[in-house]
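Novice: Chain residues, written in single-letter form:
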Amino acid sequence: MAASQGRLAENILYFARALRAAGIPVGPGAVLDALEALSVAHVGARDDFYWTLHAVFVKRHEHTALFDQAFKIFFRKRGYIEKMIASMLPESAPGSAKAPPPGAQRIQEALFSGLDQREQRKSNVEIDARLTVSDREVLQKKDFAQMSAAEIAAAKEAIARLALPLDEVRTRRLVANRHGHLIDIRRTLRASMKAGGAVIDLKYLGPRVKEPPLVALLDISGSMSEYTRLFLHFLHAITNARKRVTTLLFGTRLTNVSRAIRQRDPDEALAACSANVADWSGGTRIASSLHVFNKQWARRVLTQGAVVLLITDGLERDADDTLAFEMDRLHRSCRRLIWLNPLLRFSGFEARAKGVQTMLPYVDELRPVHNLESMAELVRALSGAPAKGYDPKLMLRRVA
Amino acid sequence: MADKTLPKSIDSTLDLLAKADYIADRSLATVLYLALRMGRPLFVEGEAGVGKTEIAKVLATTLGRRLIRLQCYEGLDVSAAVYEWNYGAQMIAIRLAEAEGEGDRERIEHDVFSERFLIKRPLLQALEPDTSGPPVLLIDEIDRTDEAFEAFLLEVLADFQVTVPELGTVKAPHPPIVVVTSNRTREVHDALKRRCLYHWVGYPNAERELRILRAKVPEISKKLSEQVVAFVQTLRREDLFKSPGVAETLDWASALAELDVVALDPATVSDTLGVLLKYQDDITRLDATKVKVLLDEVKSELRAAE
Numbered sequence: 001m002a003a004s005q006g007r008l009a010e011n012i013l014y015f016a017r018a019l020r021a022a023g024i025p026v027g028p029g030a031v032l033d034a035l036e037a038l039s040v041a042h043v044g045a046r047d048d049f050y051w052t053l054h055a056v057f058v059k060r061h062e063h064t065a066l067f068d069q070a071f072k073i074f075f076r077k078r079g080y081i082e083k084m085i086a087s088m089l090p091e092s093a094p095g096s097a098k099a100p101p102p103g104a105q106r107i108q109e110a111l112f113s114g115l116d117q118r119e120q121r122k123s124n125v126e127i128d129a130r131l132t133v134s135d136r137e138v139l140q141k142k143d144f145a146q147m148s149a150a151e152i153a154a155a156k157e158a159i160a161r162l163a164l165p166l167d168e169v170r171t172r173r174l175v176a177n178r179h180g181h182l183i184d185i186r187r188t189l190r191a192s193m194k195a196g197g198a199v200i201d202l203k204y205l206g207p208r209v210k211e212p213p214l215v216a217l218l219d220i221s222g223s224m225s226e227y228t229r230l231f232l233h234f235l236h237a238i239t240n241a242r243k244r245v246t247t248l249l250f251g252t253r254l255t256n257v258s259r260a261i262r263q264r265d266p267d268e269a270l271a272a273c274s275a276n277v278a279d280w281s282g283g284t285r286i287a288s289s290l291h292v293f294n295k296q297w298a299r300r301v302l303t304q305g306a307v308v309l310l311i312t313d314g315l316e317r318d319a320d321d322t323l324a325f326e327m328d329r330l331h332r333s334c335r336r337l338i339w340l341n342p343l344l345r346f347s348g349f350e351a352r353a354k355g356v357q358t359m360l361p362y363v364d365e366l367r368p369v370h371n372l373e374s375m376a377e378l379v380r381a382l383s384g385a386p387a388k389g390y391d392p393k394l395m396l397r398r399v400a
Numbered sequence: 001m002a003d004k005t006l007p008k009s010i011d012s013t014l015d016l017l018a019k020a021d022y023i024a025d026r027s028l029a030t031v032l033y034l035a036l037r038m039g040r041p042l043f044v045e046g047e048a049g050v051g052k053t054e055i056a057k058v059l060a061t062t063l064g065r066r067l068i069r070l071q072c073y074e075g076l077d078v079s080a081a082v083y084e085w086n087y088g089a090q091m092i093a094i095r096l097a098e099a100e101g102e103g104d105r106e107r108i109e110h111d112v113f114s115e116r117f118l119i120k121r122p123l124l125q126a127l128e129p130d131t132s133g134p135p136v137l138l139i140d141e142i143d144r145t146d147e148a149f150e151a152f153l154l155e156v157l158a159d160f161q162v163t164v165p166e167l168g169t170v171k172a173p174h175p176p177i178v179v180v181t182s183n184r185t186r187e188v189h190d191a192l193k194r195r196c197l198y199h200w201v202g203y204p205n206a207e208r209e210l211r212i213l214r215a216k217v218p219e220i221s222k223k224l225s226e227q228v229v230a231f232v233q234t235l236r237r238e239d240l241f242k243s244p245g246v247a248e249t250l251d252w253a254s255a256l257a258e259l260d261v262v263a264l265d266p267a268t269v270s271d272t273l274g275v276l277l278k279y280q281d282d283i284t285r286l287d288a289t290k291v292k293v294l295l296d297e298v299k300s301e302l303r304a305a306e
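Going line by line, the protein sequences match chains A and B. So the first sequence is numbered by the numbering used here: it starts at 1 and just counts up by one. So the second sequence is numbered by the numbering used here: it starts at 1 and just counts up by one.
There may be inaccurate statements among the hints.
To be verified - To give an idea of the interface, some chain A residues facing chain B are shown, with a C-beta separation under 7 Å as derived from the structure:
| # | residue |
| --- | --- |
| 1 | H61 |
| 2 | I183 |
| 3 | Q296 |
| 4 | R299 |
Quick caveat, the hints were computed from the structure, so don't treat them as lab data. All residues carry an ideal CB built from backbone N, CA and C; glycine is no exception.
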């Protein structure tokens with residue numbers, strides 16, 4: 001019996017390894033759980049075998065599809081599962097150890113493309129990014145689109161050094177606070193016990209403050225291509241500095257890259273982002289991307305007083321009622337909607353483009369973000385109250 | 001008493017749930033059976049109104065256990081979830097001790113922080129032994145609370161114990177049956193999910209939804225039930241902000257029963273749409289003509305199936 005147990009364990013182990021490669025985080029503990037589950041479940045049919053493993057290995061709804069694929073490929077040999085169930089004495093899965101099953105192409109791609117990129121980066125010539133003080137001043141004001149490679153490298157460093165926003169919202173949770181307004185009876189009583197109950201020294205509670213979640217929606221269409229990379233660096237810096245930052249990229253479709261961007265090394269994080277995105281530097285469909293965001297993500301990421309950064313030039317080809325409708329919905333589901341538009345760099349910018357006109361009434365703030373100076377200003381704005389000069393209504397009035 | 005013990009197989013788990021009119025699919029029965037057998041918490045996620053909370057309620061009634069519910073909300077803290085001291089009674093006890101001339105500080109402290117003055121909240125209650133067996137602990141809508149509370153739950157769910165600094169550690173002699181639900185308004189941390197068995201509760205297919213409806217609202221005719229289910233299933237295929245859940249289907253069927261409706265017609269559907277759809281945008285999207293189109297579709301579909 002011990003030998004058959006070993007075979008089963010081995011198969012489950014290989015299966016777990018395949019799942020891990022496909023992107024489902026499966027720890028060694030889960031393998032032990034799976035074996036325990038199989039032994040208590042008295043599996044009688046293929047379906048039960050499937051759902052038993054599913055119960056243990058899948059911890060997220062999105063992973064169900066991956067699991068399903070992996071299961072089909074791994075246990076593809078006809079009658080294999082039935083044999084496994086019947087005897088609990090299975091052979092080792094066909095070639096599972098050495099040659100991964102053909103369907104695991106995605107795994108291979110994921111593994112090898114990552115390696116290639118890292119190699120390539122190493123072979124790149126290092127750019128000397130040290131600049132003098134006056135150079136730095138020029139850099140502050142220079143448009144990202146006009147920067148040379150060296151300047152961009154310097155800008156990246158500057159972004160990494162930016163003091164990041166510290167905005168806070170009050171939560172309903174209470175913590176000990178000397179200047180609070182509620183009496184903490186528990187601590188008061190404990191403190192007075194120390195003195196034998198003779199002295200009552202009041203202790204207070206106040207509301208806890210916490211950074212609200214930040215959600216960035218970044219346009220990666222062709223017209224924004226000069227800016228996207230640096231914005232991604234900016235978002236990477238923010239993501240690493242505070243909790244609860246969600247980053248979604250959109251061109252013609254919407255991609256959530258929050259997990260990819262959370263990696264420590266900015267270059268690796270950016271490489272992981274681009275690996276996830278299919279529509280880099282293509283067209284824009286703002287309305288449909290916002291629709292998908294409102295429907296699938298808004299209810300999950302816009303809780304607890306979230307601030308939304310919408311980074312786009314607003315050049316939407318088919319600006320119609322749906323764009324207004326989706327903008328309105330987005331505006332109503334977050335605490336503060338800030339539109340960052342690199343086109344505002346032109347002093348003569350007017351809200352003439354139809355897309356811009358449609359979107360303007362629904363944002364709380366419209367800010368330029370085309371150089372380091374404006375980026376630093378944004379950080380200050382995020383830390384404090386909304387600034388007056390960036391009221392989108394001013395922009396609309398100017399046109400009228 | 002035989003039916004009060006834990007089910008012995010996946011099939012008997014299905015039967016157990018069906019006894020309380022909960023029509024589950026086999027995947028849910030499998031994960032539930034495993035959770036019961038392995039003594040692991042069950043983590044269920046899904047859209048609102050698909051019967052997540054109901055699982056715990058049904059388990060409690062069919063197994064004859066006590067149901068302890070912890071409704072999560074933003075700002076939930078230890079004094080509302082685990083325990084609180086009865087300060088008023090403690091104050092009186094201190095005064096009385098003073099009046100009696102009890103001067104021993106240690107003694108007073110020991111007396112005041114004893115179990116007599118402890119108010120037990122849901123999590124602590126769930127760890128106590130119960131004559132009818134370990135209770136069912138329902139931690140409802142965990143996504144509404146914050147990460148700090150999740151981290152606290154880790155200790156409770158892993159070892160089924162809670163530490164009260166003044167008293168010591170309270171450990172459950174028999175672990176409770178734990179069901180954690182989430183509406184997914186926020187992603188719950190992996191560390192918590194890792195300790196649980198996970199299941200996504202989706203919308204049921206037409207056949208199962210019909211069985212649920214027949215079991216829960218038997219007062220409407222079979223024909224109307226079929227129409228109701230077919231209409232709701234068509235609605236779910238539409239691009240709506242919030243698709244109607246099973247709870248809405250049942251509410252709608254009850255509403256139709258109250259109105260003595262025998263068969264669906266466009267006017268009735270339009271008038272009662274507020275029971276099914278809870279967003280103004282969705283209701284305006286489904287104007288009279290659209291309702292008529294959908295209804296005709298449903299009716300021809302049903303006729304074809306006959």
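Novice: If a hint holds in the structure, say so; if it doesn't, say that too.
Specialist: Checked hints:
| no. | hint | result |
| --- | --- | --- |
| 1 | H61 | holds (4 Å) |
| 2 | I183 | violated (10 Å) |
| 3 | Q296 | violated (11 Å) |
| 4 | R299 | holds (6 Å) |
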